[in-house]
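Engineer: From first to last, the protein sequence lines are chains W and A.
Mapping the first sequence onto our numbering, position 767 (from 1) lands on 767, and the numbers just tick up by one.
In our numbering, each number is its position in the second sequence, counted from 1, plus 811.
Quick caveat, the hints were computed from the structure, so don't treat them as lab data.
Each hint should be verified, as a subset may be incorrect.
What the hints assert, rightly or not - Listing some non-contacts, in silico: residues in chain W with all C-beta distances to chain A over 12 Å:
| # | residue |
| --- | --- |
| 1 | P40 |
| 2 | L176 |
| 3 | G336 |
| 4 | N359 |
| 5 | R390 |
Unchecked claim - Stretches of chain A that chain W covers, calculated by requiring three or more beta carbons in the stretch to come under 8 Å of a beta carbon on chain W:
| # | segment |
| --- | --- |
| 6 | 827-837 |
| 7 | 872-885 |
Stated by the list, open to error - Computed spacing ranges between beta-carbons, pair by pair:
| # | chain 1 | residue 1 | chain 2 | residue 2 | range |
| --- | --- | --- | --- | --- | --- |
| 8 | W | V314 | A | E905 | 51 to 61 Å |
| 9 | A | G891 | W | H253 | 40 to 50 Å |
| 10 | W | Q348 | A | T871 | 52 to 62 Å |
Positions of the beta carbon are idealized from the N, C-alpha and C atoms, including for glycine.
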Amino acid sequence: MKQKLIVIGNGMAGMRAIEELLKLEPSLYDITVFGNEPHPNYNRIMLSPVLAGDKQVDDIILNPLEWYRDNGITLHTGNAVTEIDRVGQYVIDAAGDSHQYDRLLVATGSTPFMIPVPGADKQGVIGFRDIKDVDTMLEYAANHSRAVVIGGGLLGLEAANGLRTRGMEVTVVHLLDSLMERQLDKPAAALLKATLEERGLNFLMQAQTAEILGEGHVTGVRFADGSEVAADLVVMAVGIRPNVTLAKDAGIHCERGIVVNDTMQTFDPKIYAVGECVQHRGECYGLVAPLFEQARVAANHLAQIGIGRYEGSVTSTKLKVTGVDLFSAGEFNESGGDETLVLQDPAQGVYKKLVIRDNRIKGAVLYGDTMDGTWYFTLLREETDISAFRGTILFGQHDIGDAGHGDASASVMALPAGAEICGCNGVCKGDIVDAIGKKGLFTLEEVRAHTKASSSCGSCTGLVEAILAGTVGEGYDKAPSKKGMCGCTEHSHDDVIAAIRHSGLKSMQAVRDALDWKNPDGCAACRPALNYYLLAHWPGEYQDDAQSRFINERAHGNIQKDGTYSVVPRMFGGLCTADELRAIADVADKYRVPEMKVTGGQRIDMFGVKKEDLPAMWKDLSDAGFVSGHAYGKALRTVKTCAGKKWCRFGTQDSTGLGVQLEKMTWGSWMPHKFKLAVSGCPRNCAEATIKDFGVVCVDSGYELHIGGNGGIKVRVTDVLCKVDTEEEVLEYCAAFIQLYREEGHYLERTAPWVERVGLNHIKQKVVDDADNRKVLRERFLYSQTFAQVDPWKARAQGEQSHEFKPLRIA
Amino acid sequence: MKDWIEIAALDDIPRLGARVIRTDTMDVAIFRTRDDQVFALRDACPHRGGPLSQGIVHGTSVSCPLHNWKIDLASGQALGPDEGCTNVFATRVEDGKVYLALKAGEAAA
Chain W
1 MKQKLIVIGN GMAGMRAIEE LLKLEPSLYD ITVFGNEPHP NYNRIMLSPV
51 LAGDKQVDDI ILNPLEWYRD NGITLHTGNA VTEIDRVGQY VIDAAGDSHQ
101 YDRLLVATGS TPFMIPVPGA DKQGVIGFRD IKDVDTMLEY AANHSRAVVI
151 GGGLLGLEAA NGLRTRGMEV TVVHLLDSLM ERQLDKPAAA LLKATLEERG
201 LNFLMQAQTA EILGEGHVTG VRFADGSEVA ADLVVMAVGI RPNVTLAKDA
251 GIHCERGIVV NDTMQTFDPK IYAVGECVQH RGECYGLVAP LFEQARVAAN
301 HLAQIGIGRY EGSVTSTKLK VTGVDLFSAG EFNESGGDET LVLQDPAQGV
351 YKKLVIRDNR IKGAVLYGDT MDGTWYFTLL REETDISAFR GTILFGQHDI
401 GDAGHGDASA SVMALPAGAE ICGCNGVCKG DIVDAIGKKG LFTLEEVRAH
451 TKASSSCGSC TGLVEAILAG TVGEGYDKAP SKKGMCGCTE HSHDDVIAAI
501 RHSGLKSMQA VRDALDWKNP DGCAACRPAL NYYLLAHWPG EYQDDAQSRF
551 INERAHGNIQ KDGTYSVVPR MFGGLCTADE LRAIADVADK YRVPEMKVTG
601 GQRIDMFGVK KEDLPAMWKD LSDAGFVSGH AYGKALRTVK TCAGKKWCRF
651 GTQDSTGLGV QLEKMTWGSW MPHKFKLAVS GCPRNCAEAT IKDFGVVCVD
701 SGYELHIGGN GGIKVRVTDV LCKVDTEEEV LEYCAAFIQL YREEGHYLER
751 TAPWVERVGL NHIKQKVVDD ADNRKVLRER FLYSQTFAQV DPWKARAQGE
801 QSHEFKPLRI A
Chain A
812 MKDWIEIAAL DDIPRLGARV IRTDTMDVAI FRTRDDQVFA LRDACPHRGG
862 PLSQGIVHGT SVSCPLHNWK IDLASGQALG PDEGCTNVFA TRVEDGKVYL
912 ALKAGEAAA
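Given only the sequences and the hints, what does the whole structure look like? Please build it.
Structural biologist: This is how it looks when you write it as C-alpha cells:
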C-alpha cells in the first residue's frame, strides 16, 4: 500500500514541493491536495501584472487541472481543511469528511494584515492576496473612481499602480517618510516616488490611519492628525502574517510562523511545512525564491532521500511595475565601518549603490538601471572578493569582460518575439517565452532542457535569464550559490575537489560512494570531471578511464559533424622544417585528406579522416617525429609565437625559442579546459599573448607575464601577473600558474572565469608573493608531467586501445 | 523466429563503452553497461545523426557526442524533454558471446 501524503494549501510553495517530489519519487505517495481557492495553483506574484492589465488570469496558471489528473493527485479546490488530528493522523475538511495521512505538508501561506482600526470591516476594504481580491479591485475600478492604498511597500505600490492603470484616482498612504523602506535607501525611494507621482499617484507620507469612514460601505479614511481623504475602495497592503491558525490549533509549535528545522519539519516529525506560513531560524519569508528552496528540501525528505538542508536565504526584490526598474538585495543601508560605492545620474534617473564590507558586497540598491542586479546578487551570495574589479563594478558586468552579453539584457524584454536569442541553436525570444508559459518553467536549467537556448556555448545565458525573470517575475530560480556539479550529486565542484584532496579518494567509485552519488555510473557531465580531478590530483596513481572521456579525448582527434576526425600534429612553438612539412604532405596524400588548413594556434589541421585510419596515420606521423597536438583535448593546446629577436628588427628577446621551451615543458598536460599560451617578442604583441591563458610579452628588460585571457565567445584581455628577468623564471612561473589552475579550476572552467571567480590577488599570493609555494607548485606540475608526456598517438599506433578504432567483424 | 548472428565476445566491448558493426545499410552500435547488459541501436542520433557509439554510456543510456542528447539504450527513445527515436535491435549474451538479431534486408557485411 502506498503511503498517504496530504498537502494543505494549493499554492506555489506546496505545489512546488510536490513537483520536486514527483521528480524524485513519482509513485511513493497517494497525494491529496486541499486548496481554499476555487483555482488550480497559480503564480501569485503575477497578480500585479494581471491587475495592471499586462496579463490575464489564464496566463498565470502554473499547474492546470490536467497536471493534477496526470500525476494521480486528488485535488479539492474551494475546500479548506478545518482541523488536523495529530494523534489519529487525519485531517477534517470543510465538508466534515476526514482523511488519513502518513505524512502531512502544511503550506497554508499567509494572510494580509488588516490594520485593527475602527471600520476596517466595512464593505470595500480589502487586502491584496488572491485572484478574488484582484477581481474585486477590477470591479471597483470599473464602477468607482477613488481608491486609497494603505502601505507604501512592494505590494501596496504594485496595487496602486494597477488601480491607477485601470483609471482610478489613487492615494498611497504610508506610515513612514520613505517608500519601500525594507528594500530601498532614501535616495532610491525618492526617485521612485517622483516617478510614480509623474504617473499620477498621490502620496500621503507619515500618515497614520485612525479610522475607516462610511456607513456600511467605505467612503473615506481619517488619519491621526484629523485630516481625511475620500475613498470608494481601501486596499490594505501593510504586510502579511503567516497563516498559522490551523497548525496552532493542532498544537504544533508556532511563533510568528510555524517553526520548522533545516529539514522543513515541524515539531511533529510527520508534519512538514513550507512557504510563507513557515518560520525558519527566526525568519519568515514573503518572496518566492526562498519558498522554492524550502520546497526542494521538503521534497527531498518526503522522498526519503534525506540529505537536503535548508539554511536560510538571502533575498532580492524587484518591483513589478512596468517601466520602473528597481532592484534591491541584502543590507542596503550601510552600518558602521561599511564602505559604499554610489553612482548617481539624476538626468538619466539612474542610481546605484553597493554596500561593501571587507571587499565583499553586502547589499545593493539599483534604480533606473537594474541590468546588473543578478550579477551583484550572485557576487553577494557567493561572497566574491571584488577587489580585482572594484574600480569598474558600478559600470556593470560587461565592463569587466565576463562571459555574456550583459549590456543587452536591459532591453531584452523590449525585443520582438522573432529576435534570435541563442545563435547556436537558433532559438528566438518567442520560443523561450512560449516554453516558459506553456511548460511552467522556472529555472535556467529547465529552459535549457526544453528550448536548448543557452545550452551550447552559453554566451546568451544572461539574455535567457533576463527573459526568464521578465516572464515569470522575481520567482524564477536563480542559480543557487552552491550548485551541485550535475544532477547526480548535490555537492559542488569545490566539495568534490576538496574531498578528493583531503580524504584521499583515488577512484571514481570512491568519490561517488563518499559523496552520495545518485546514479551508480554518474553521467556524461560528471564522469569526465571526476576523471580529470583524479588524474590531476593523483598523477601516477590514478588510472585514466577511457570510458569517462569525451570522444575527442578517447579517440585523440576532434570529432566532426559527419563522424570523421581531424588530425593536428604538434609543431613546437609553431616552428617547422621543410622535411616535416613534406612528411605532413605525404600523410595527407596517403590518407586522402580532403581538406587542410592552418589553425589559429599556428598548426596544420587535416580534416575528414576516418576513425579506422587514425592509428595508421599516426604511425606515419610518429615515424616522421611528430607527437599529438592535443587540439582535441581539455589540455595544453599550443604555444603561439612571433618571429622574435632572431629575425624581427623590433624583437627584444628570443620569443620563438622561449615558446618552444614552454611547449616542451607543458605539452601533454590535462587541464580543466583547453589552455593556450603565446610568447610575443616585443610589446607590439604579434602573437596575441594578451588573450591567452598564459601570455608572455618580451620587453627589453625582461618578460611580462599575463594570465587569464581568452578569445572565443567573449574576449577577455589578460591580467598582468608580474614581470620577471629571465627565461628560467618564465618557465617556473608558468608551471606554477598552470598547476594552481589544474588543482583549483572547475572542470570546463577556463582560466578567464576562474581568475574572475577566485580573484587576481589570490593567484598573485600563491604564485608571485610566496616563492616557496611557487616552487612546490612547479615541482608538482613537473612530477605530473612525467606521466602525462607519453604520446597518445604513438601508443595507439602501437596497438593500445585498438578496440576503439576497429569496427567489429562478424565472427 | 529471430536470426541470431554471433558478433563478438562480450569482452571485446568495453564496459560502459560501445563498438560499431557495419551492415549493408547502416552502422549498428553495440553497447555494454556496467552490469554487462548489452544493447544495440542504429548508430545515429535522432537529432542530427551523431554516432551514438562514440558517446558516454551511463546507466542504461548514452549521451550523443555531438549535442549531448540522451538516448535510452533499451528503447532508442530520446530522454528528457528531447523527442526522437532511433532503431533498436535485439541482442543476447550466451557463454560470453554476443548475438545480434537484425531485421530482414539488413545482412551484416
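Engineer: Does each hint hold? Answer for all of them.
Structural biologist: Do the hints match the structure? See the list:
No beta-carbon of chain A is positioned within 12 Å of the beta-carbon of P40/W; the least distance is around 22 Å. No beta-carbon of chain A comes within 12 Å of the beta-carbon of L176/W; the shortest separation is about 48 Å. Listed as a non-interface residue, G336/W keeps its Cβ farther than 12 Å from every Cβ of chain A; the least gap is roughly 51 Å. With a cut of 12 Å on Cβ distances, N359/W stays outside the contact zone with chain A, its closest approach being about 38 Å.
Under the 12 Å C-beta cut-off, the non-interface status given to R390/W relative to chain A holds; the minimum distance is some 38 Å. Residue count for the segment 827-837 of chain A with a Cβ under 8 Å from a Cβ of chain W: 6. That meets the three needed, and the coverage hint holds. With 6 residues having a beta carbon nearer than 8 Å to a beta carbon of chain W, the segment 872-885 of chain A meets the requirement of three or more and the stated coverage holds. Here the CB-CB span from V314/W to E905/A is close to 60 Å, well matched to the stated 51 to 61 Å.
Roughly 42 Å separates the CB atoms of G891/A and H253/W, a value that falls within the hinted 40 to 50 Å. Evaluation of the 52 to 62 Å hint for Q348/W and T871/A yields a pass: the beta carbon distance comes to about 57 Å.
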